[in-house]
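Asks: Spelled out from the first residue to the last, the chains are:
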Amino acid sequence: MTDWLNALTQGVLLGGLYALFASGLSLIFGVMRLVNLAHGDLIVLAAFVILFIAGKLGLDPFVAALCALPLLFIVGFALQHILLNRTLGRDLLPPLLVTFGLSIIIQNGLLEIFSADSQRLRSGAIETASFALGGGVAVGVVPVLTLLSAIAVIVLLNFFFYHTALGRAFRATSDDLEIAQLMGIDVNRIFSLAMGLALVVIGIAALYLGLRANFDPSIGPARLLYAFEAVIIGGLGSFWGTLAGGIVLGLAQTVGAQFDPEWQILSGHLAFLVVLVLKPRGLFPRALDGSGA
Amino acid sequence: MTLLQTRRLTAFYGDFQALFGIDATLGAGETIAIIGANGAGKSTFLKAIAGLIRRPADGVLLDGKPIGSLSAFDIVKLGIALVPEGRRLFPSLTVEENLMIGGYGRRMAGPWSLDRVYSLFPVLRDRRNSSTPILSGGQQQMVAIGRALMSNPRVLLCDEISLGLAPIIIADIYGALPQIKAEGTSVVLVEQDIVQAMKAADRVYCFQEGRLSLSGRPRELTRDQIHRAYFGS
Amino acid sequence: MDDGEPKPALTFRIETAGRASRATLVAAFGALLALALLPAVAGRNIIQDLIFPFYMLALAQCWNLLAGYAGLISVGQQAFVGFGGYLLFALTLLGGINPLLAIPLAGLLSALFALPTAFIVFRLRGAYFAIGTWVVAEVYRLAFAQFKSLGGGTGTSLAPSVTSAVPGIEWVKAVLEVRTPAARDIISYWVALALMVGTLIFVYLMLRSRRGLALGAIRDHETAAAGLGVDIYRTKLAVYVATAGVTGMVGALIYLQKARISPDAAFSVLDWTAYVIFIVVIGGIGTMEGPIVGTVIFYLMQQYLADFGAWYLILLGTLGILVMLFAPRGLWGLIAERHDLTLFPIRRRLVACRRDRNS
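Protein chains in written order, with this note's numbering: chain A, 7 to 299; chain U, 33 to 265; chain B, 9 to 367.
Fair warning: there could be bad hints in the mix.
With the Cβ distance kept under 7 angstroms, some of the chain A side facing chain B (calculated, not the full set) [as the list claims (entries may be wrong)]:
1) Val41
2) Ile80
3) Ile110
4) Ile111
5) Asn114
6) Ile119
7) Phe234
8) His275
9) Ala277
10) Leu279
11) Val280
12) Leu282
13) Leu284
14) Pro286
15) Leu289
Please keep in mind that the hints were generated in silico from the structure rather than gathered at the bench. Think of the CB as a built atom: it goes at the ideal place given N, C-alpha and C, for glycine as much as any other residue.
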């Protein structure tokens with residue numbers, strides 16, 4: 007019984023990490039209809055940036071991440087401004103293939119700079135700290151922090167989107183690109199700002215990725231798939247839906263692992279496929295257009 | 033004094049030429065109407081002025097200065113606002129948010145604010161927090177006009193604001209025009225409803241297949257002239 | 009309106025083959041003959057080397073058909089490569105079936121499995137479809153890693169009893185005076201050549217058929233095509249299933265030749281999707297000539313640059329991005345536009361000619 011309770015708890019906590027992965031993807035797709043195939047690799051890149059800053063300046067990963075966030079914002083802004091804005095338009099192929107090429111470049115660039123060695127963000131005692139929840143279940147501090155951060159990020163994103171002028175501009179741009187320009191909105195700048203913001207969210211996700219598990223240049227694509235699955239399961243157009251999707255995915259994985267540890271990832275994928283077949287628009291869709299499903 | 037002027041304005045959709053050299057003027061404080069059959073190029077004309085489609089750099093002049101190479105979002109900041117055909121409200125935004133986003137590119141302080149728009153169209157005040165798709169056609173049109181006004185435009189371009197509306201609602205909407213004009217805004221009306229257009233405008237232009245077929249003051253034009261200009265001989 | 013003389017009547021006919029395409033046909037026959045006879049004169053190294061571009065071209069033509077014509081941008085074709093490969097191993101090792109027979113069987117089964125796969129992934133569109141295919145490929149990979157009888161996560165090798173059961177080895181050994189391993193390679197070479205040519209013919213026929221017209225319409229403007237009565241779903245499904253079948257056969261051949269399989273290798277995104285996409289993008293999407301040009305370029309790059317490891321891949325990625333941004337029709341697109349060239353006569357041209365009333 008305890009085993010199952012444990013699996014469920016771990017699943018929810020894992021969902022927090024996946025929700026963090028997914029929020030950035032959801033943000034980008036929401037604002038500019040761009041699916042970034044390099045999303046997972048950007049998370050890994052961010053993790054290496056944090057690692058580098060932490061190492062060079064002798065900082066705790068949390069502090070290093072804080073320092074990395076403005077840097078990541080600039081990276082995102084520049085990436086969109088210089089490269090990705092050129093790919094947006096009516097045709098599907100350019101953004102897909104360019105971000106795919108970007109994925110390869112980032113993976114191999116990291117490989118060249120940092121080698122294929124497994125890395126970890128070391129944070130001292132907090133890594134192994136845990137507390138008991140009762141019922142024989144113990145949870146690690148880091149996983150709980152991950153989930154809390156995911157919730158905080160989503161609350162902040164919702165606040166930003168629904169209670170600020172810039173957020174309003176994001177939503178208007180997402181609704182109707184042409185008319186948004188008539189409001190005095192420089193849509194290309196909006197896209198660049200959105201990507202910058204997405205990289206900040208990615209940075210937070212990367213911090214917890216690196217704290218929870220080992221990472222190396224090659225694990226990007228798998229993170230993309232988890233992020234994508236969380237978004238689809240949750241349904242497009244809602245950040246809370248993305249959290250729900252992440253948790254469902256996390257639960258599917260940990261429950262599957264209970265049957266056989268080798269089945270963890272496969273269970274997640276299968277749960278995604280089941281949701282896709284039965285509820286193609288996701289569990290909590292909010293998007294008004296049908297793109298994606 | 034000429035506020036806005038188009039000079040040999042051309043416009044293309046891909047290979048298809050929609051406008052063949054339009055020369056038109058708008059004086060400060062004036063209201064002009066553009067009439068013509070479907071596909072005559074009226075909406076294209078407004079889009080060209082607003083910067084939504086490519087046009088020659090000196091095809092459109094504001095205060096005598098060419099603005100044809102500017103992006104749409106810069107044009108708004110210069111004081112030209114378009115109420116697009118079909119309203120095109122933002123479905124993710126409430127009524128009030130639609131109005132507020134209109135003020136995003138506000139060029140400078142001016143007479144129009146949320147309060148002022150609500151006093152122009154009181155029915156919107158009660159619905160400020162509702163989403164826009166559920167509003168009636170007339171209410172949506174009011175939001176669209178209010179949204180454009182929020183940028184404090186010197187020139188308001190209205191693309192078929194009577195489309196799909198019942199006569200009594202059209203009268204309501206056009207009833208708001210005098211107040212808009214009183215604040216100093218010059219208005220360009222694209223209309224299929226010729227009667228309404230002639231009543232509201234100081235001057236009329238008639239388009240036919242991308243060309244100007246007639247221009248003049250409403251009182252000076254005969255029915256025959258308009259008929260011929262509208263449909264062609 | 010009328011001038012006195014009646015003008016000669018104008019007639020129209022539809023022409024597909026131009027002068028360039030007729031010349032190409034002759035050249036292609038010549039090239040095919042030369043390639044088929046190559047094992048008689050070339051060393052084992054060349055023969056082994058050429059198998060790679062043969063099957064990469066086959067994969068590229070399939071991906072191009074999917075993405076360039078049917079608008080199905082798949083990042084998961086490795087699912088069928090690996091599936092075909094594993095089927096070959098399963099059919100020969102566990103089923104005792106002859107290896108050469110197993111190849112078309114693998115293709116058939118791949119096409120069959122493509123049906124439920126399509127049912128699932130077709131629920132997604134555009135970029136989400138792309139990632140969806142990737143997820144499916146991962147499911148295939150993880151599923152096959154569970155089969156202990158096929159080596160589980162680490163994979164397995166083809167038993168010598170299977171590799172030596174490839175028909176024709178004795179004949180080749182006798183006629184070309186080579187030893188068994190070389191004979192095996194030569195047979196693989198011919199099978200690869202046959203698959204490549206077969207794929208080219210298959211793609212060509214598909215594009216020339218009515219279905220091909222439908223595909224062209226879908227590629228250019230899907231909504232309009234639907235309005236004209238093109239059954240989008242059925243057409244896309246047909247293309248998806250057919251290319252899955254071909255891809256499966258290619259996968260079976262690849263792993264017959266390699267004689268060793270593992271889930272990570274068989275379902276590798278890099279080998280079976282990234283390289284394929286690179287080939288099609290560099291060569292030119294949406295044409296049959298493009299992938300051929302792309303394969304040649306890629307083959308040369310692999311020969312000379314692959315040793316540079318990560319830098320080579322960075323170069324590929326960068327090149328792909330640059331081509332996508334600045335020459336989206338690829339190298340062949342640039343050439344074809346310059347010289348108005350088409351080698352594969354799949355486009356129909358309306359030719360008008362005046363004919364004298366009396367002739």
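Asks: Taking the hints in turn, state whether each one holds.
Replies: Evaluation of the provided hints:
| no. | hint | in the structure |
| --- | --- | --- |
| 1 | Val41 | holds, 3 angstroms |
| 2 | Ile80 | violated, 20 angstroms |
| 3 | Ile110 | holds, 4 angstroms |
| 4 | Ile111 | holds, 4 angstroms |
| 5 | Asn114 | holds, 4 angstroms |
| 6 | Ile119 | violated, 9 angstroms |
| 7 | Phe234 | holds, 5 angstroms |
| 8 | His275 | holds, 5 angstroms |
| 9 | Ala277 | violated, 11 angstroms |
| 10 | Leu279 | holds, 6 angstroms |
| 11 | Val280 | violated, 9 angstroms |
| 12 | Leu282 | holds, 6 angstroms |
| 13 | Leu284 | violated, 10 angstroms |
| 14 | Pro286 | holds, 4 angstroms |
| 15 | Leu289 | violated, 15 angstroms |
Going down the numbered hints, you'll see the structure goes against 2, 6, 9, 11, 13, 15, while the others check out.
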